[in-house]
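Colleague: Chain order of the listed sequences is A and B.
Adding 81 to a residue's 1-based position in the first sequence gives its number in our numbering.
Adding 17 to a residue's 1-based position in the second sequence gives its number in our numbering.
Since the hints were derived computationally from the structure, they do not count as laboratory data.
Among the hints, a few may not be true.
Stated by the list, open to error - In silico DSSO-like links for lysine-lysine, alpha-carbon gap of 30 Å or less:
id : chain 1 : residue 1 : chain 2 : residue 2
1  : B       : Lys81     : A       : Lys109
2  : B       : Lys133    : B       : Lys165
3  : A       : Lys109    : B       : Lys190
4  : B       : Lys190    : B       : Lys70
5  : B       : Lys190    : B       : Lys76
6  : A       : Lys84     : B       : Lys76
7  : B       : Lys81     : B       : Lys133
8  : B       : Lys70     : A       : Lys109
9  : B       : Lys81     : A       : Lys84
10 : B       : Lys133    : A       : Lys84
11 : B       : Lys81     : B       : Lys70
12 : B       : Lys70     : B       : Lys165
13 : A       : Lys101    : B       : Lys165
14 : B       : Lys70     : A       : Lys101
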Amino acid sequence: MLKIVGIMLFGMMVGYTFRKHNLRWIQKAIMVAIWLLLFLLGIAVGLNDGIMNNLDTIGWQALVLAVAATGGSVVLAWVVYRYWFTSK
Amino acid sequence: MRGSLIIVSFFVAGLLAARWGLLPDELIENDFSMYALYSLMFLVGMSIGNDTKALTALKGQHIKILLVPLATILGTLAGCALVSLVLPGRSLTDCLAIGSGFGYYSLSSVFITEYKGAELGTLALTANIIREIITLLGAPLLVCWFGKLAPICAGGATTMDTTLPVITRFSGKEFVVVAVFHGFVVDFSVPFLVTFFAGW
């Protein structure tokens, strides 16, 4: 966990050092790394019968979590908007 | 939206390849994902360090702009903590780790897979994709019910890229700077919060 954050902070320093350069290729490289990792996640799921037999449970739990996360955010968004972003 | 479809199809392709036994044994026996994750984190760090756009956008903005990402993060964690009480088999930290994806499904699912296994990783992937879809499709309703900041907070880490067009359309042009700054801050918080809750 610390290793991951450390690697990211190191990346940030390198990125900041080259801030005058336009590093367009980074976005593409990030996409490729994400494609690879999700392909590997797909493999891990496909090889795991426990998960394959539980996809319906995972589906509705995901929906509940998504609605809760979004719901909590928009309620606080309303508070911030109401008290700080509308002129009375 | 097209980007999301491509990402999901990579996941599905891996799943089908594994089901149909199309994979060479070396790929199954060796775990490359940790190295891929390290490279990804380095690249994400580089892109954040290289991008001074968010800092420039901040100039001339009132300090209250900081409240918007704060509302997103606190609201999300509160919502997830609440449902962790009713979801069978999911602990508080599982739910908080998944919520800390803030719609950044690719990065969060990869992290959670590494720390908590493929099942929770799949749950994180699905939950965070659904969050992006809710924002994309629900933006006009969210503005009606919860005001113009609602699509921004709902969009989480995606508000400087995938959901920026709908935010511009339904919250208005004057909220573009808020959305970009918000996306930057929330995006930045994802690796920290996800690893924090997943490793807890």
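Colleague: If a hint holds in the structure, say so; if it doesn't, say that too.
Modeller: Hint check:
no.	hint	verdict
1	B:Lys81 with A:Lys109	violated (34 Å)
2	B:Lys133 with B:Lys165	violated (36 Å)
3	A:Lys109 with B:Lys190	holds (28 Å)
4	B:Lys190 with B:Lys70	holds (17 Å)
5	B:Lys190 with B:Lys76	holds (17 Å)
6	A:Lys84 with B:Lys76	violated (33 Å)
7	B:Lys81 with B:Lys133	violated (36 Å)
8	B:Lys70 with A:Lys109	holds (19 Å)
9	B:Lys81 with A:Lys84	violated (34 Å)
10	B:Lys133 with A:Lys84	holds (17 Å)
11	B:Lys81 with B:Lys70	holds (19 Å)
12	B:Lys70 with B:Lys165	holds (23 Å)
13	A:Lys101 with B:Lys165	violated (35 Å)
14	B:Lys70 with A:Lys101	holds (12 Å)
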